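Undergrad: Assemble the complex: chain A is given as a structure, and chain B must be docked to it using the hints.
Number of protein chains: 2
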Amino acid sequence: MSRKREKTNAGGVAKSGLDVLFAPASVAIVGASSDPARIGGRPISYYLRANFKGKIYPVNPKRDTVQGLKSYPDLASIPGTVDFAILSIPSSAIKQAMRDCGEKGVRAVLIFSAGFSEMGDEGAALQDEIAEIARGYGIRVLGPNCLGLYNAAVGHCPTFSSGLDGTAPKIGKIGLITQSGAYGTHLLSLAKTRRLGIGMWISTGNEIDVTTAECLEYLVESDDIDVIGLYMEGIRDPETMIRALERARELRKPVIIMKVGVSEVGSAAAQSHTASLAGSDASIQAVFDQVGAMRARTTEDMLDVLYAASISAPARGDRLGILTVSGGAGVLMADAAEAEGIAVPPMPDTAVQRLLERNPFSAPYNPVDITAHALNDFSLIEENLTAMRDDGAYDLLVAFFTSLTASEVLGPRIQKTMSEALRGRGLPVALVGQAPEHLLVAYEADGIMVFEDPSRAVAALAALSRFQTAFDAPATDPADIPTLPNPPLAARSYGEVEAKFVVEMAGIAILEEVLVTTPQEAGDVAARLDCPVAMKIVSPDIAHKSEVGGVALNLSGADATRAAAQTMLATVAKHAPDADITGLLISPMASDGVELIVGAKRDEVFGMMIVVGLGGVFTEIMQDVALSLAPVTPARAEMMLRSLRGAPLMLGARGRAVLDIRAAANAVSRLSVLAKQNEATVESIEINPLLVRENGVVALDALILPRTL
Amino acid sequence: MSRKREKTNAGGVAKSGLDVLFAPASVAIVGASSDPARIGGRPISYYLRANFKGKIYPVNPKRDTVQGLKSYPDLASIPGTVDFAILSIPSSAIKQAMRDCGEKGVRAVLIFSAGFSEMGDEGAALQDEIAEIARGYGIRVLGPNCLGLYNAAVGHCPTFSSGLDGTAPKIGKIGLITQSGAYGTHLLSLAKTRRLGIGMWISTGNEIDVTTAECLEYLVESDDIDVIGLYMEGIRDPETMIRALERARELRKPVIIMKVGVSEVGSAAAQSHTASLAGSDASIQAVFDQVGAMRARTTEDMLDVLYAASISAPARGDRLGILTVSGGAGVLMADAAEAEGIAVPPMPDTAVQRLLERNPFSAPYNPVDITAHALNDFSLIEENLTAMRDDGAYDLLVAFFTSLTASEVLGPRIQKTMSEALRGRGLPVALVGQAPEHLLVAYEADGIMVFEDPSRAVAALAALSRFQTAFDAPATDPADIPTLPNPPLAARSYGEVEAKFVVEMAGIAILEEVLVTTPQEAGDVAARLDCPVAMKIVSPDIAHKSEVGGVALNLSGADATRAAAQTMLATVAKHAPDADITGLLISPMASDGVELIVGAKRDEVFGMMIVVGLGGVFTEIMQDVALSLAPVTPARAEMMLRSLRGAPLMLGARGRAVLDIRAAANAVSRLSVLAKQNEATVESIEINPLLVRENGVVALDALILPRTL
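From first to last, the protein sequence lines stand for chains A and B.
Just so we're aligned, residue 1 is where the first sequence starts under the working numbering, counting upward by one.
Just so we're aligned, residue 1 is where the second sequence starts under the working numbering, counting upward by one.
Okay, chain A solo, but in the shape it has when bound (with noise of 0.2 Å):
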């Protein structure tokens, strides 16, 4: 982790003015109601109940108290200084409000009005208008159309979610930002039954001015936060949302995101192969896979990883160990294990004997089943627990026990088992089952997870491992990245013969041709090109080479080559006595291989992206691809190769030919490269194919599509 990075990006939060928003001394709600179930009205009634210990201000002119606190009839009147206003009036009146609040020195306002941007043209046009006098005055705004924030460690409540009905959530680290009131809202409830610990709460609403993304940048950097839920229906500020990511992943904070609206380019806008391919929702989870940030497809997915990240010790790696009363049970969450890709090994031989001295009832192999006899002799689970922990030494452990954990007797005693023999150890460690409240919270506080559901329990176990993987990937280091010599690209297409001279200067080698006029020059180039060569006929009145001898292939070494073009020229002079001869264009064969399509797209939101797939029916009608963000390093390129389904035909699969995927890399990287620093003028950039051979790769095609504005 860079020092330079760190302090620029703290700089960054704190110039941003979003302290004063999410951590404000004293707050001003103008539009206070008396009635703690109207909208102007919940925010004081949760700053109550949070015991907020800043200055609260109610703004009502027909009141001379609200809620029990002194009111005042406008922004003016109230003595000292207002860091923070939130505006609980008509969209009509926020113009105004928003002057007052400048006058006051306000430095930050939320707007929970709607009747902005998502009303029309005339709503969008009083939304700029209201931005306008915000940047006047300095003033950072959360909203319009939203419903507010909640701050746990402070208690600033600006929010009428009735998510904060009723009890207000457990306290806790967890944030969530989300660019939907009511499913945030939503989230924040079934949060609450779940018994999640909320640190931060953050409805964005329009994002005239702070962005999801900045939101995100806070919380990764908030020590009260350390996992993020995040729900999106779009990105206004790639830029800032993915510094936040790589952030995160520095910071080791995970990052769940429901991103909705799955859409597709549409066809109107594919003009090369890799167009319809590209798609920003396969560009999102490219980036998201990148930058190792969770997507989750499901609220409950959503609810479930941040549950255990936020209970869990992070995952040392991916070794599950499965304990289970129930063979059956043990079964199924080894079949779920294999189906989030996390491994189930075996326990040590040793440990197994030992243990089945101990239990010959028991089948203690990896799931270890220790069947009800175990129930008989509780030092039998403790036994296995312990074995688990140290000679399986697993990265993750789940343990099942049926209802049994909610027993009157059992339950109690099941729950002191695992927390003596897995507490402080360090180990994400999951039970299955049903509990009454007080030992869930028992269970919790000693860093196990309760899940009622063992394929449940396993996909969150798994997602700890696969955070910890993605954290502990190294960090791309500029230096990987190629620098190439190419200078910039115009603005207009490149055709094949042009394409091709770009990406060779990139670094990308491409066939060989050689114009020569005598069969002695012909056996000299092949003599140098050293590998076996085509040889055509060239000459601007020939369109049909073959037809008139005009055409020799796999041609070795220079005496044959040099008779072949003795015996072309003589054949075509033949055939077509008065063609104008320009010369013969050798080339090196192109030999034996895998065809990839390697492209470079720019998608609406991030930019160049970069795209790889294998060739024909992979690409066209299988749509196996890879995607990343451009520009990327050899290592990443290579990552995205070998993600292919299709990969296996380069890798030797079936008696195959293992070919070069390192040149590969390279090449991808390259292109990546090129892409990206023509980003301005080019639209997108492909070859296709490019052949990988056993030693390295050839561009046999390329193609430069200009920006389209």
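Keep in mind the hints are simulated off the structure, nothing from the lab.
Mixed in with the good hints, there may be bad ones.
Covered stretches of chain A, going by a simulated chain B footprint (3 or more residues, C-beta under 8 Å) [claimed, not checked]:
id: 1; region: 327-341
id: 2; region: 695-703
Derived DMTMM-like pairs: lysine to aspartate or glutamate, alpha-carbon spacing no greater than 20 Å straight-line [what the hints assert, rightly or not]:
id: 3; chain 1: A; residue 1: Lys-170; chain 2: A; residue 2: Asp-559
id: 4; chain 1: B; residue 1: Lys-192; chain 2: A; residue 2: Glu-452
id: 5; chain 1: A; residue 1: Lys-192; chain 2: B; residue 2: Glu-437
Remember, predicted model here, so these are calculated numbers, not experimental data.
Positions of the beta carbon are idealized from the N, C-alpha and C atoms, including for glycine.
TA: Same frame as chain A, but now just chain B:
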């Protein structure tokens, strides 16, 4: 549905004697305990709580009464008949107890005791002896090593599962069958929490007599059961299982199966190409697909679908209407619908206009986003729901109200509005939200499911729709299975020539090969075939035909073929003067097309399966194959072919020719019949490749391997 078949099945079940196991009039508990927490005590306490109407006879020589009931020293002392006995005694005492049961006239016995085949050879031998005794007396046996069963309709509770502890589950029409008592208990406990209505729960244990498949058959025929969940580790009785699943489909009863232990066929057994693809888990999946049963991947999958199918009306189709107060959640659910493969068609324009006039803030397109404004006027919610029901005419409906459904004021009003608009309309409806218990009960009573996770709600609705599709699919008509003229195959390998002869007899075209001895004949054959031909020298003395000039391809017409034959005979005579020449083999050139691999292979559990895949990388690298139980009709074979990811290659993708998929399907069907008919002697039959052309197909190579016993 055939009347004859109905009668046979019903008769079969009646004869099987399972009625007395599942609904006896009198019950003895051998090994009865007065402690309701002990294994021999629990069933009695459960019977008493369930108000069982039959007679209960505790058997315990040491007590006069057990849990308030008169106790008997042994079975013989019980006055009157005993239909059914629970044996809750050590395994060593079971043999004598079985004989006592036999003498007393007991017709069904349930054995809790463990210590049998699961404990090794000795236990297995004991188990065999017990089965023998049972057969001698004509006693049906459930278990041993099982947790018993529960039949809610008659209060029959011969079980010690802690799943019945505390309160009994709600009574309903869900049947659960489990091969793991512990996992089944977990399922039962979770079912209680989720208010699933349970009709029957059966733990089958070691299945020395009554199998999972028989239990399934019984539940399928039972009027008390409408939907069935099955936990399986292995299939003992595949024929009964398939028959029961087919019958469930006839009766339109959803069956959800959790099959664990995903295993792979050992590579040693892999003799032919398809061996590694027809692994038993793939076979199981194929069979489930074929009979319309759903495979649950997680516990939650199973519970969700049991819940949905037990509460909701059947689905009419797959058109989902989405009502939401949150745009974001609407998008999320539309994404989920796409992922589940169901449609989200738009509302009709007229309805959209009408709804927009009433609520300009809304976006009633589908998702129908009514926004929070609708909460100010519940008639808006009602109008939108009614419009979706009547104008949209959706087959499935999901409604998202965030946590407002839990609000004290709004919650009951939302419930009332939903119920009034949708109750009794025969439309599967899911509400997404949280709600207090009494509201949940009210929703469910009106046929509205409640989910907390919007994605899971959509998945459950999609499952209902898939069941309906499976139920509506026409049953296989035996008349659609082709009849073949082939005589039985011997239990030996058939090489290319013989195997091609066999498949040709089965009605699958092979390339015609004609042996000629003179150039004149060669020319005549080419003229008759009237297409480009290939010609090869045939000689027992020539191994490498092309090296001696013994291969000529793409010969067109009589003259060219005759000339080529003369040249070939001369050239071969020159290069191999001593070779004995049998003649020349003329065959049509195999024209362009796509190569399929079609294989029939015996699965250990299900017998002959048929596998199809596209040749080359599709099968080798992508494992893109489709599997079915043999025999298949041409219609089913065509479904299999169309289900391949590579199917577009045959269907005209990207300017390709549209190939004769019907002829291919016909060949697949015929091969499946051939293999099924020879199941006793044949291990596998493979056509590789089967060339699919624009007109017809042709088998280019074939191989038949004998069954290895």
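Undergrad: Need the list of violated hint numbers for this structure, in ascending order.
TA: Structure breaks hints 2, 3.
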